[in-house]
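Visitor: Keeping the supplied structure of chain A fixed, place chain B upon it in accordance with the hints.
There are 2 protein chains.
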Amino acid sequence: MPVFLNAAAPEFETEFTAFLGAKREDSPDVDDIVAGIIADVRARGDDAVVELTAKFDRLELTADQLRFSEAEVDALIEQVPAEERVALELAATRIRAYHERQLPEDAQWTDEAGAELGWRWSAVSAAGLYVPGGLASYPSSVLMNAIPAKVAGVERLAITVPTPDGHANPLVLLAARLSGVDEIYRIGGAQAVAALAYGTETIPPVDKITGPGNAFVAAAKRRVFGKVGIDMIAGPSEILVIADNTADPEWVALDMLSQAEHDESAQAILVTDDATLADAVVKAVETQLETLERREIAGASWRDNGAVILVPNLETAAKVSDRVAPEHLELCVADPDRLAGLIKHAGAIFMGSWTPEAIGDYVGGPNHVLPTARSARFSSGLNVLDFMKKTTLSKMTPGALRAIGPAAETLAISESLEAHGLSVRARLNKLNELG
Amino acid sequence: MPVFLNAAAPEFETEFTAFLGAKREDSPDVDDIVAGIIADVRARGDDAVVELTAKFDRLELTADQLRFSEAEVDALIEQVPAEERVALELAATRIRAYHERQLPEDAQWTDEAGAELGWRWSAVSAAGLYVPGGLASYPSSVLMNAIPAKVAGVERLAITVPTPDGHANPLVLLAARLSGVDEIYRIGGAQAVAALAYGTETIPPVDKITGPGNAFVAAAKRRVFGKVGIDMIAGPSEILVIADNTADPEWVALDMLSQAEHDESAQAILVTDDATLADAVVKAVETQLETLERREIAGASWRDNGAVILVPNLETAAKVSDRVAPEHLELCVADPDRLAGLIKHAGAIFMGSWTPEAIGDYVGGPNHVLPTARSARFSSGLNVLDFMKKTTLSKMTPGALRAIGPAAETLAISESLEAHGLSVRARLNKLNELG
Chain A
122 MPVFLNAAAP EFETEFTAFL GAKREDSPDV DDIVAGIIAD VRARGDDAVV
172 ELTAKFDRLE LTADQLRFSE AEVDALIEQV PAEERVALEL AATRIRAYHE
222 RQLPEDAQWT DEAGAELGWR WSAVSAAGLY VPGGLASYPS SVLMNAIPAK
272 VAGVERLAIT VPTPDGHANP LVLLAARLSG VDEIYRIGGA QAVAALAYGT
322 ETIPPVDKIT GPGNAFVAAA KRRVFGKVGI DMIAGPSEIL VIADNTADPE
372 WVALDMLSQA EHDESAQAIL VTDDATLADA VVKAVETQLE TLERREIAGA
422 SWRDNGAVIL VPNLETAAKV SDRVAPEHLE LCVADPDRLA GLIKHAGAIF
472 MGSWTPEAIG DYVGGPNHVL PTARSARFSS GLNVLDFMKK TTLSKMTPGA
522 LRAIGPAAET LAISESLEAH GLSVRARLNK LNELG
Chain B
122 MPVFLNAAAP EFETEFTAFL GAKREDSPDV DDIVAGIIAD VRARGDDAVV
172 ELTAKFDRLE LTADQLRFSE AEVDALIEQV PAEERVALEL AATRIRAYHE
222 RQLPEDAQWT DEAGAELGWR WSAVSAAGLY VPGGLASYPS SVLMNAIPAK
272 VAGVERLAIT VPTPDGHANP LVLLAARLSG VDEIYRIGGA QAVAALAYGT
322 ETIPPVDKIT GPGNAFVAAA KRRVFGKVGI DMIAGPSEIL VIADNTADPE
372 WVALDMLSQA EHDESAQAIL VTDDATLADA VVKAVETQLE TLERREIAGA
422 SWRDNGAVIL VPNLETAAKV SDRVAPEHLE LCVADPDRLA GLIKHAGAIF
472 MGSWTPEAIG DYVGGPNHVL PTARSARFSS GLNVLDFMKK TTLSKMTPGA
522 LRAIGPAAET LAISESLEAH GLSVRARLNK LNELG
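Here the protein sequences come in this chain order: A and B. Under our numbering, residues 122 to 556 are what the first sequence spells out, in order. Under our numbering, residues 122 to 556 are what the second sequence spells out, in order.
So here's chain A without its partners, still in its complex pose:
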C-alpha cells in the first residue's frame, strides 16, 4: 500500500521525515569488480574491451568492429518506421531549439581601477555518452544527452551502446544520427566507461562522460570522475503531482503511473487539498493497474514507494513539495503560475492539466535528464553548460596594478606567501622607478 499522510495530523512531521528518509533502492556493491574492469581496460585496451564484450554481451567482435560503420548505421536506420522517424525528428528539433537558448554569453569590461576583467565560455572538446542497451535503451535519452553537447559546440561526440547478442535498437541509432553524434561504439558496462575515459587503440579518450546506466556504469563513472568530468549519478526517479479539485483524477493517475512504470524504485506522490480527489486518483490508479502492460513494475512502485499527502491548502503543498525537491513536479491546479511561484526546489515543473509529464520526456523541449532523489536542492537538469567551461580573464594596466597591487601584497604577506608578494612588489618597484 502506498503511504497516506495528512499534513494537518500531529504525527505528520515524524511520518513525513521517515518517508523522505526511506531508501528506495539497494545499490549492489560492485565497486571491486568495476575497479578490476577499469584496470584491465587501461592495461590492455581493445583486447580487454573485446573480451569483456564477449563475456557480458555474448558478442564476438574484433577490435575494428567495436565501432559501427556508417553503412551499418545507414542499414539499421532504414528499418525505422516513418511515423517514428517523424516523431523523433520533431523531438530533436524542439529539444535543439530549447537548448540553443541556453548558450551563455561571454563578458568583458573595464572597472574603476582600470582593470580589464571578463570571462569566456568554451566547449569541452570531446564528450562520451553512455546509452544503456536492452529494455532501458531509450532513443529519447540519446537526443536529451547528445543535442545539448552538440549545441554547446563539442567537436567530437562518441556514444557507447551495448548490443547484447548483437541486437541493436534502430531508433537509438537514428537518434544518434539526428543529434550529430560522430562515433558509435557497440560496447557497454564499466568497460565502455573505462574506454571513454582512458582511451584504447581504437577509441580515443573523451573529456566528459554523461548518460544513465546500471550499477556497474554508475560505479565506473564515480571512479573515473576527476580524470574526466561526469554528469550526475542518477538515482531512482520520481514525480510529485500537486492537484486541486479542478484536476481530472484519471489524468493524474496516468501521470503518476507514467513515472511508476519506469522502475520498481520509482516514486509517485500526490499532494492535494481535496480528499475526494485523492480517493478518486487512488481508485483510478488501481483500475489502470489491472490492465497496464507494465503493471507488475508500476504496481510494485506504487505499493512500495507511492504516497498520497493531504494538505490544508496549496501553500502547504508547495512546502511539502520543496521538502521532496522532486525530479518532476506537475501542477494540476487552477492557477499553476501562482503555485509555481511558491516552489523553490524541483528539477522540472509541468504547469497545468494540459501538460502531462510525458510531454517533457519526449517533445516538450526541456531536458528529461533531471536531478533525482532530492538532489534538485542543489543541482540542475542536464543542459548546455554541462558541456562548456568558463575561463576567467584578467588584464592589469600599470594604473590598475598601482591601485590594487599593494592590497594583494599585504594579503600575501599575511598568508606567509612571500613569492606571491614579491611578484607584485617587483612590478610596483618598476612603476615607482618609472615615476
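Accuracy of the hints is not assured; some may be wrong.
Note that the list lumps identical chains together, so a pair holds whenever it fits in one copy or between two copies.
Below, simulated DSS-like cross-link-like pairs (lysine-lysine); rule was C-alpha separation at most 25 Å, straight line [as the list claims (entries may be wrong)]:
(1) Lys144 with Lys465
(2) Lys404 with Lys465
(3) Lys348 with Lys404
(4) Lys404 with Lys551
(5) Lys348 with Lys144
(6) Lys465 with Lys176
The hints are simulated quantities; they were obtained by calculation from the structure and are not laboratory data. The model shown is predicted, which means the values in this text are computed figures rather than measured ones.
Guide: Okay, now just chain B, sitting in the frame of chain A:
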C-alpha cells in the same frame, strides 16, 4: 632538476606525453577511516563531533561551544591590523563586484506550437564551506568561496574551520564576517564534512559543501556527494607561463615561484619561444630559491615538477598549453589578447606582464578556486552558478498539446512505456470530444 623539452625535437611528443602523465601527488588511502568517522557522526551527532575534535584538534569543547559566538568573533576580529583589514575589504568588494555579474537570467517564451517554455534559476538554500586550519588557513579562500554563495542568494551559509589547540585565525573570521557568513563552527576534518552533510543536534545540515581540504576532507566530500552537492575535488595546483622576448625574467621567475611555494606537488611550467629568456628565468628562479622563506617547498616543487618548454612560435605555445589545460595561465607576451584567442583550455588567464597571477589570488575579482590537474578541459572555476540550480518550466495549451502530443505518444509506444502514451492520449481524446 626541472624538465627541459624542445617542441621541435623528434622525441618531444613522447617526452611531453610522459610529462603530462606523471603523478605529482600520492593520495593516501584514508577511505576506511573516513567512512568510520562519517558513520559515527551520523549515529551520535554532536557527541561524536566533540570527541573527534578533542582527538584530532586537541580541543575540549561542549556541544554548545562548537559554534563561535558573535562575541567571540567580534573579539578575534579586533585583533586584525588596520592595513590587513583594509586590504581584505578591498578584496571582498572587488570579488563581489565580479561575481555579481555572473547572476544568470531567467527565461520564458512561447514557441510556434503555442507551448510556454522557460527556466528559472534559484539559489541553494543552505551551503557549507570547509576552511582548512593551520598553515593552509587562507582568508582569501574564505572570500572566494563565501562571496559567490551569498551573491547567488544562499540563505544559510555555514563555515567550518578547525582551531587546532584552540588557535583561531582572526583574518579568517574577518573574511567570514565580510562575506556575510551566518554560522562559524570550530571543527574540521571528515567530522566537519559529515556534520555539514547530515546535520547534528546543533549543526543543521546543508545542501552543498565547497572548499579545499586535506585527504580526509577530500575523501569525505566524495562520500557525501549525492546526499549533498560538492564542488570539485582539488588536486595539486599549477601555473603555466607563456613568455616571449618582451618578458622580464625576474618577474616570470617570481610568478612561477608563487605557484611553487604553495606545495611540493605544485607545478610551474614556462613555455617560451626564446631560449635566452628561458635561461634567464631558470637562473632567476635559482637565485630566488637561495633566499625565499618557503625555499624548501618551492625548491622541491621546481626540481620535481617544474618544466621549461621551448617552442618554435607562440601558436605552438598555445597548443602545448591546451594539452596541459593549466589552472593558471599567464601570458607575458607583447600581444596577450591575440594569444588568449588561441587558447581553449585554462582555468584563468592573466594577460600581459602587468598581471601577476598573485593579483588573481587576492584582489583581481575573478575566483581563485580553479580546476586543477588538467580538469580545465571540462570544468570551470568556482562561480555563482555553483550555488544555484535551474528549474525548467513547461506549459502546454490545448493547441500546443494537439500539435506535439501525438509525437510524444508515438515515441512512448516505441519505448514500450504505455502509461506515458496513455497520459497524453487521455488529453488528446478529451480535445477530440471538445472538437
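Visitor: Work down the list of hints and note, for each, if the structure agrees.
Guide: Structure-based check of each hint:
1. In this assembly of identical chains, the alpha carbons of Lys144 and Lys465 lie at most 25 Å apart only when taken from the same copy (23 Å versus 43 Å across copies).
2. Taking CA atoms no more than 25 Å apart as the test, Lys404 paired with Lys465 passes in neither setting, with 31 Å inside one copy and 58 Å between copies.
3. Taking identical chains as interchangeable, the C-alpha atoms of Lys348 and Lys404 are never at most 25 Å apart, the minima being 50 Å within one chain and 35 Å between chains.
4. In this assembly of identical chains, the alpha carbons of Lys404 and Lys551 lie at most 25 Å apart only when taken from different copies (20 Å versus 82 Å within one copy).
5. When the C-alpha separation of Lys348 and Lys144 is checked against a cutoff of 25 Å, the pair qualifies only between copies, where the shortest distance is 12 Å, while the shortest distance within a copy is 30 Å.
6. Taking the closest pair of Cα atoms, Lys465 and Lys176 never come within 25 Å of each other, the shortest separation being 47 Å inside a single copy and 40 Å across copies.
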